[in-house]
Amino acid sequence: MIPAPFDYVRADSVDAALGALAQHGDEAKLLAGGQSLLPLMKLRLAVPSVIVDVSRAADLSYVRDEGEVLAIGALTRHHDVATNQLVRSGAPVLAHAASLVGDPQIRHRGTIGGSVAHADPSADIPTALLALGASYVVAGPGGTRTVAAHEFATGFLETTLEPNEMLVEVKVPKATGGWGYEKFTRRAIDWATVAVAAVRTTGGVSVALANMGPTAIRAAAVERALASGAGAADAAVYADEGTEPPSDVTASAEYRRHLARVLTARALDRCLSGS
Amino acid sequence: MLRIEDPKFLTTGGTYADDLRDPRLEGAGHVTYVRSVMAHARVTVDPSAAAAEPGVLGVFTADDFRDLAPMPLPLPMLPPAMNRTYLADGVTRYVGEPVAVVVTEDKYAGEDAVELVAVDYDPLPAVVDPHDAAKDEVLLFPDVGNNTVLALEVGDPATVFDGCEIVVRAEIHNQRVAPVPLEVRGSACAWEKPDGTGRLTFWASTQNPHDARNIIAEALQLTPDDVHFIAPDVGGGFGAKFGVSVEDVLLAAVSRRLGRPMRWTESRTENMLSMGHGRAQHQSIGIGGSRDGNVTAYSLDVLQDAGAYPHFGAVLPFMTMMMATGVYDIPSLAVKTKSVVTNTSSVVAYRGAGRPEATAAIERAMDLFAAEIGMDPAEVRRKNLLPPEAFPLTTPAGANYDSGEYAKALDAVLEAAGYQALRAEQKRRRDAGDRKLLGIGVSSYVEITAGPEAGTEFARINVHPDGSVTVYTGTSPHGQGHATSFAMLASDELGIPVERISVVHGDTDLVARGGGTGGSRSLQLGGAAVHQGAIETVEKARETASDLFEAAAGDIVLDKTRGGFHVAGSPDEVRSWAEIAASADAEHGLIVDTDFKATGASFPFGAHLAVVEVDADTGKTELIRMVTVDDAGPVVNPVIVEGQRHGGIAQGAAQALFEEVLYDADGNPQSTNLADYAFPSAAELPDYELLLMETRSPHNPLGVKGIGEAGTIGATPAVQSAVIDAVAHLGVRHIDMPTTSERVWRAMNAGQS
Amino acid sequence: MKISLTVNGQQETADVEARTLLVHLLRDSLGLTATNVGCDTTSCGACTVLVDGESVKSCTMLAASADGRDVTTLEGLTPGGIDADPSTWHPVQRAFREQHGLQCGFCTPGMVMAAASLLKENPAPTAEEVRSGLEGNLCRCTGYHNIVAAVLQASKEKS
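Protein chains in written order, with our numbering: chain A, 1 to 275; chain B, 1 to 753; chain C, 1 to 159.
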């Protein structure tokens, strides 16, 4: 299979990418690692007329220690996030989630920014980042703006990114005080049927769910229960409250609700027992 | 010994259909099919926009192929009135059915051009569930008047359970699965003359080139000699690449029409839609006997979903019926089967083809019977196995079993697995409230290979004047390692080292005739033919040698260690194979053609034990052990036989745990790629523990039976049973395949409520 | 568009459509047909090659994105090809043969390249790590038992 024809622009820097986006508007799509976009293009479920290939913008592949936060370049690959020592010590839940994305080949190409911008509700990276309370630095024609993770995804594969904008950096508050990540799949390679990230942060314990609605979402009722002193098991029963899980060939909505509760209990157990 | 085939696959890669760079294919056009997006509709096609596109060489519809003979039926007993047309001819009957052909200059432009072919769909009601199809309310072929392809019956369901103390019944589903050879379908062709006349050379990814050649020839109204058919390296078939498809026939037709070579390689999506699927049986089982564990009666109703156009799938119930009672001594039997067409992809042969369905049914029945009387399922099996002294025998369904040591196989896996210890561990976990439940599943099976009629296969042995050998076989391997096993068989008789023996297959100009590879027939027929041909070659060599030695042929002996002949009692003067072959014919050497005919089908058997762990909170299942006996008689090449067993076990476990082809109520397929269809990877499967047993078949001189499908037949019910066993203490008696986490979870909930 | 890259140690240039995938470039333009296509959805791994030494599914990378990079296919592991003495093969290739880690051979090139990349990152994996490391490569013939054994054998040989 082959994608429908498109015009190709190679952009090796943020400025070049923004220039191309300015020129082509919403006809254009940024290509990072391409591990989600290219399969959709081959099946012709995505038919962009211009591809702006940013995969070689080396200046966007980095992990920096900025004190309270880690700054991760948008084009840092899953493999690098998973194995990076700064991430492993400063945001271990993110390193772990990155190590579970797809398969080794996909992790060698797919990027953190690509995963965030693609906004698949069943993806590991946005879920872990949501629990971590990450924020996303977005560059546009007027400079940069920062968007909180919970305000970024607006729907299934939809975000607040404007057609002329590009996600350039992920800022991750360090979270070394305990975490849990539970991913349920049929097969190792599959997208999460349901996944749960739990992280002890400065503001308490935060919990995020994958594939329990059109975007990754926070399990707000669980967080509230925890904040008012509930233990893992008691809090986890609220995991599916306010969710809208899909029914598909992999699982029914009812089963997803059940999984969300079980996995949340497990993730919280691990998180709360961690240092 | 290691496989002769492997250096190529491991260095340059094989040469599969899409890899062909034959000069005859220079300048080939590329064929892409427009496929129906509706399950049942009247269709009209407007090719004009696509045809006008630059680079498009032609767009063709059903009207353009009226000159072809009807597509030859896959099996002679199938009804011609339900035969498929090459392209949907006014009506399309499943999603994925080809409705038009697009030919392009460029390989990838076809995908663009098919989007320009305007297909107008006028929807008809679709019938997807075979139970609905059996009501004959929506008809796929109104002229036929009903949806039934085939109905069979043996025994009397009204009286089958007479005298039984207890009878247990259940409705079970042997779900539709996809064969998924890693290589999709592909073919290429070139006519001898540029104007599309002369002989046709046709390459296709097929399991049986001679039958494939005959199909192409018949469809194009040529003689078989007009077609030179070549099976290049074939990337897996599993039954689904038996013969050739309408897409292949059309390739030759389009090539003839446009006067240039043509190539076709489908996408995986097309493969999932249109290559055909396997299994797809709804079964009603009943089992009767006494509370002491003696099973005396069995009934099986099969509703076979044949898909839109009857293929091998429509006749799977014949094999299911024949193998209904399996390894058990059950005197009273009633089987009723019905195959119906539905608005889905055709059901074709898939690893086991009718026999896994039989084993799954009887093994589920045994488990249910055991649960009902509160006896250990292995014990119930053991009590009812046919004893070794009963062979040969004819079953109530009419199968002529050749040989078997069923109890020995079952005992061997129980012992090797540590069955009692596993049961104790299972109890310990249950008592302790452990959330990782242990499940143990046992199956005992027999199947039929190279049948149902006694089979035949061709071999040629050619000892060249330089002493090297070429073996020609009518089988057509696609991963089974015939080049190695058959060279070993020839070497054993000829005393010529395997390094000097090459094996030719898959080319109808080089091999006179052949039945291909499928139904686990190859070693017992093709291998036996090579063996027989090698013996006849030695005989012929002795006659030649008798002239050279001026001695009676009966006094000439072959010294296999030295690879030459001498007169009995005079070992000093030896004539080599090279001398004998050169003396027989200085140019061609010694040539022997032979056709081996078996005296009957063979019945491989075995026992499998599966161990699973089930997460009591989610239902997620992990297969942790597989212990198996797969007795297919003497083993020629242990490495290859183990490989066949491994692959079979994996496919069985895959059906039991993961895979299902689903359609929605309108006939829209829900699993059209390998992201949706849960084909397992190494990460989902364990190592396998194989035990060796070798029970000879009397039907061929090697004593061998087929091993290609056995693993699948034994593993599927063992794994399914293990999953159910893990949650049996919660009141669960049955979970349909695939035993997905959700189904297990639901069963646990229902069992407990 | 023109691209240039290193394939199996050779500098190659090619004129490709923007939408051309790396696997198309390898197979159609460069004639390197060991690398196979087995699916449409980045699932099967038959097309796995090394890009700058790491395993990548060549059906999910534009040829244009490979401009300037270093690509290795199965053919590049053993420059001597089919006639090369097995003692000169990559340890993974040799182990696949000795452990009967292939049957029809179609998944094999991708499987070998994935295994080579796995062993580079984890030279002494456990059986479980081999299994999860090959999660992106499907095989319908072998049931994986011998593939896992082969990778473990190769790891011992390398270390």
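Just so you know, these hints were derived from the structure itself, not from any lab.
Backbone N, C-alpha and C define an ideal beta-carbon position, used for all residues, glycine too.
Careful: at least some of the hints might be erroneous.
To be clear about the criterion: a stretch of chain A counts as covered by chain C if any three or more of its residues have a C-beta under 8 Å from a C-beta of chain C, and this derived list gives those stretches [claimed, not checked]:
| # | region |
| --- | --- |
| 1 | 25–37 |
| 2 | 101–107 |
| 3 | 247–256 |
Some chain B residues flagged as far from chain A (calculated, every beta-carbon gap over 12 Å) [unchecked claim]:
| # | residue |
| --- | --- |
| 4 | Lys336 |
| 5 | Gly619 |
| 6 | Leu662 |
| 7 | Ala682 |
Here is how each hint holds up against the structure:
Proximity of the region 25–37 of chain A to chain C, defined as three or more residues with a beta carbon under 8 Å from a beta carbon of that chain, is established by the 3 residues found. Interface restraint, the region 101–107 of chain A with chain C: holds (5 residues with C-beta to C-beta distance below 8 Å; minimum three). By the rule of at least three residues with a Cβ nearer than 8 Å to a Cβ of chain C, the coverage given for the region 247–256 of chain A is violated, with 0 such residues. Every CB of chain A is more than 12 Å from the CB of Lys336 (chain B) (nearest about 32 Å), matching its label as outside the interface.
Look at Gly619 (chain B): its CB is around 8 Å from the nearest CB on chain A, not clear of 12 Å, so calling it non-interface is violated. With a least CB separation of 6 Å from chain A, Leu662 (chain B) falls inside the 12 Å interface cut-off, contrary to its annotation. With a least CB separation of 9 Å from chain A, Ala682 (chain B) falls inside the 12 Å interface cut-off, contrary to its annotation.
This entry does not satisfy hints 3, 5, 6, 7, going by the numbered hints stated previously.
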